[in-house]
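Listed in order, the protein sequences are those of chains A and B.
Going by this note's numbering, the first residue of the first sequence is number 9, and it counts up by one from there.
Going by this note's numbering, the first residue of the second sequence is number 7, and it counts up by one from there.
Cross-link-like lysine-lysine pairs, in silico, BS3-like; alpha carbons within 27 Å at most:
#	chain 1	residue 1	chain 2	residue 2
1	B	63	A	10
2	B	77	A	50
3	B	15	B	76
4	A	87	A	50
5	B	89	B	63
6	A	50	B	20
7	A	117	A	87
8	B	76	B	63
9	A	50	A	10
10	A	53	B	76
11	A	53	B	63
12	B	15	B	89
13	A	117	A	53
14	A	50	B	15
15	B	15	B	77
16	A	10	B	89
17	B	63	B	15
18	A	50	A	117
19	B	77	A	53
20	B	63	A	50
21	A	53	B	15
22	B	89	B	20
23	A	10	A	53
24	B	63	B	77
25	B	89	A	50
26	A	87	A	53
27	B	63	B	20
Read the hints as simulated data drawn from the structure, not as lab findings.
This structure is a prediction, so every number in the text was calculated from the model and none was measured.
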Amino acid sequence: RKEVEQDPGPFNVPEGATVAFNCTYSNSASQSFFWYRQDCRKEPKLLMSVYSSGNEDGRFTAQLNRASQYISLLIRDSKLSDSATYLCVVNLPYNNDMRFGAGTRLTVKP
Amino acid sequence: DGGITQSPKYLFRKEGQNVTLSCEQNLNHDAMYWYRQDPGQGLRLIYYSQIVNDFQKGDIAEGYSVSREKKESFPLTVTSAQKNPTAFYLCASKASGFSYEQYFGPGTRLTVT
Numbered sequence: 009r010k011e012v013e014q015d016p017g018p019f020n021v022p023e024g025a026t027v028a029f030n031c032t033y034s035n036s037a038s039q040s041f042f043w044y045r046q047d048c049r050k051e052p053k054l055l056m057s058v059y060s061s062g063n064e065d066g067r068f069t070a071q072l073n074r075a076s077q078y079i080s081l082l083i084r085d086s087k088l089s090d091s092a093t094y095l096c097v098v099n100l101p102y103n104n105d106m107r108f109g110a111g112t113r114l115t116v117k118p
Numbered sequence: 007d008g009g010i011t012q013s014p015k016y017l018f019r020k021e022g023q024n025v026t027l028s029c030e031q032n033l034n035h036d037a038m039y040w041y042r043q044d045p046g047q048g049l050r051l052i053y054y055s056q057i058v059n060d061f062q063k064g065d066i067a068e069g070y071s072v073s074r075e076k077k078e079s080f081p082l083t084v085t086s087a088q089k090n091p092t093a094f095y096l097c098a099s100k101a102s103g104f105s106y107e108q109y110f111g112p113g114t115r116l117t118v119t
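Whole structure, please, built from the sequences with the hints as guidance.
Right, dumping it as structure tokens:
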């Protein structure tokens, strides 16, 4: 079983749609969680950290479910500029060992 | 400006040659990482280092070597033993502690023919 798994998609949605991504992780002792965004041929950039209580940043909401070992990302009112690959990242319980999911590709269409 | 730099952005080499990719950070981060990304794929960990003069193998370390002689620098050498070296290579750094995120350099695209 992979340490971090994501649905690769692609997700093709119209502008204004709400879309949700899930990510599961295998190590129950994982310490912290993040969502990154990666545009084509660019480096990943932090979208948001995922806190135990859940957190929201504008149109983006991240949730953590430790019991089921998954994190989620919800994007409301999708924009064309949201088209990208979204990467789930988990900090394993070995200090600074960070592991990435394979990414979920989102395309928002007019 | 604080950040991570990688050079060069594009690199072309002939098969059988070793090549070293540069990664420098001025964020005062203890941990540094090298990832490889193939087209349409996720990031795979090659090596990471938590402190100077120490580093650990990731999932795909074969055919690669690293050094960490200075906190700011973590160069990656792609050796001739690496079977399929053509890829996008990303360097990242991170402050110590679980709550901190990674910061990435702009990457180096290596093409070996």
